[in-house]
Amino acid sequence: MSWWERAYLFEIVRGLSITGGVFVKNMFRWMTFRKGALTTYYPEETRADYAPRNRGKHVLTQRPDGSPQCIACNMCATVCPAKVIEIEAGFNPDDVAHPKYPVRFEIDYSRCIFCGLCVEACPEDAIRMVKEVPNLPTYDRSNMWLSLDELLNWNPQSDVAKPYPPAPRRQSH
Amino acid sequence: MIQDLVIYVAYIGYAVSVLLVFGTILTWVERKQAAIMSDRIGANRAYVRIPFTQVKLVWLGLFHGLADGLKMLLKEDFKPNSYDSFAYAIAPWVVFTPVLLVFAVIPFGGTLNPGTLFHAVPVVSDWFGDRTYPLQIASLDAGLLVVFAFGGLTIIGAMLAGWSSSNKFSLLGALRAGSQLISYELVMGLTVLGLIVIYGTVDLGAIARQQSGVLLGFLPAWGIFLQPFAAILFLTAAIAENKRIPFDLPEAESELIAGYYTEYSAMKMGLFMFAEFIEIAIIGALFTTLFLGGYNLPFMTDAGFVLPGGYQIALSHWLVVLLQLIVFLVKVLVVCSFQILVRWSLPRFRYDQLLRFAWKFMFPLALANLTVTAVVVWALQA
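Protein chains in written order, with my numbering: chain W, 79 to 251; chain U, 6 to 387.
One should not assume that every hint holds.
Okay, derived cross-link-like pairs now, DMTMM-like style, lysine to aspartate or glutamate, Cα gap no bigger than 20 Å in a straight line [claimed, not checked]:
hint : chain 1 : residue 1 : chain 2 : residue 2
1    : W       : K113      : U       : E190
2    : W       : K209      : W       : E228
3    : U       : K365      : W       : E228
4    : U       : K365      : U       : E190
For the record, the hints were derived by calculation from the structure and aren't laboratory data. Since this is a predicted model, take the numbers as computed values, not measurements.
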């Protein structure tokens, strides 16, 4: 340490002026009715600036007619290290190309580790991850299961994989 | 006289309510200021719901203090299996009471003349006659000495708490508190000695009155301009007396859990905390009285403003008294806020550094300050 730093007082004044400066700056913002904090009033307010690379939530992609692209092959559920995906397959003889479809597709977000292996494993590009996060805080663990309805609400207006806009979803299942 | 009784009961009520309000508000100020300093929002969850409605009053988190108090009151009052349960029971009060008493000698305003104040109501003004009262609960000649005497009592409380808790952490905390408080009490006394040499009195009311003048024609004659060095040393020693970061060795969480009040719970622990917060206000009041001119605004007298160019602005007695009370409170709040700024900016000392800082750094500086002051005062008088 130089003698300047050893004198202690000057460095303390420098430190106090840094913290005091931040205080004055933020206080001025609050007093002029602007926000002087980097954090948010969670849960009333969630931050809008998640990084585009954030992978916080699963979505199931849809065919142009709105049905899930998933063929209920269970590969994602098999590869999932946390074993959080539960799929119940159904059979639809009318749809010759894709007779197998998921009746139930649920993800337990209380255990999901967001590794993205399900996305890697999917042969149909049916499951993807987006930057948003689901509204997880809750008083009951059972509320942290996301079902097919919530996973299918992803409707991008342009996607290279599929022609858009999609037709309205079938109501048959 | 019955008039004196009325006035002093009013003073005591004012002082106690000011201290209790400060003690409560400062917990909120500390939370919020720390949050704003670190780009956060701070406590904002506690609310009071108006009964039978869904209207929730949050008020910027002001009710967190209320929630804290309720928690302290409702918690189990744990008693350790101690060999000295009496000392254990009175220790929080030994810490808390002197802190409240110190405020008795601090002047929180100029001179009150009830006769002039209530001149619109002849009954009251005739009853008071031309009696005047300084706005100070006890205008003792030994004011500053009383402050130090009561300040020294808190050491006993901390030591009692540590000894009677039957806990090694408490004992260590009490030992640390004892040595730290005694060391810094000495520094504090020496720094104030310089002021006493200049003012020639230890009566805090007289000290505050002497600071109403003007230095060199424009500077208010505040202690901080006469003794800038002593002001810094005094504030440092006072923060150390209050055992707050960076001097919180007696209650260092990471080493001693909570130091000498580890074994205290519920309202007894609350008393220790409350005493600490009130002491912030007391330090603010002392620093204001000694170094920031007390209740004085620059160029303001009991009659009104007297500006340097010879201008005078006469103020009514009501206005002057109110202005003095408010000025004092605002100055105290600013000093409190500065202490909180220090507490959230600086890291804690190591224990050997703490004592070395007191004895090898501050003690010689305080002595040098006193010597220089004494020589200058002697040269000016000769």
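Now for the hints, and whether the structure bears them out:
| no. | hint | in the structure |
| --- | --- | --- |
| 1 | K113/W - E190/U | 43 Å, violated |
| 2 | K209/W - E228/W | 15 Å, holds |
| 3 | K365/U - E228/W | 68 Å, violated |
| 4 | K365/U - E190/U | 15 Å, holds |
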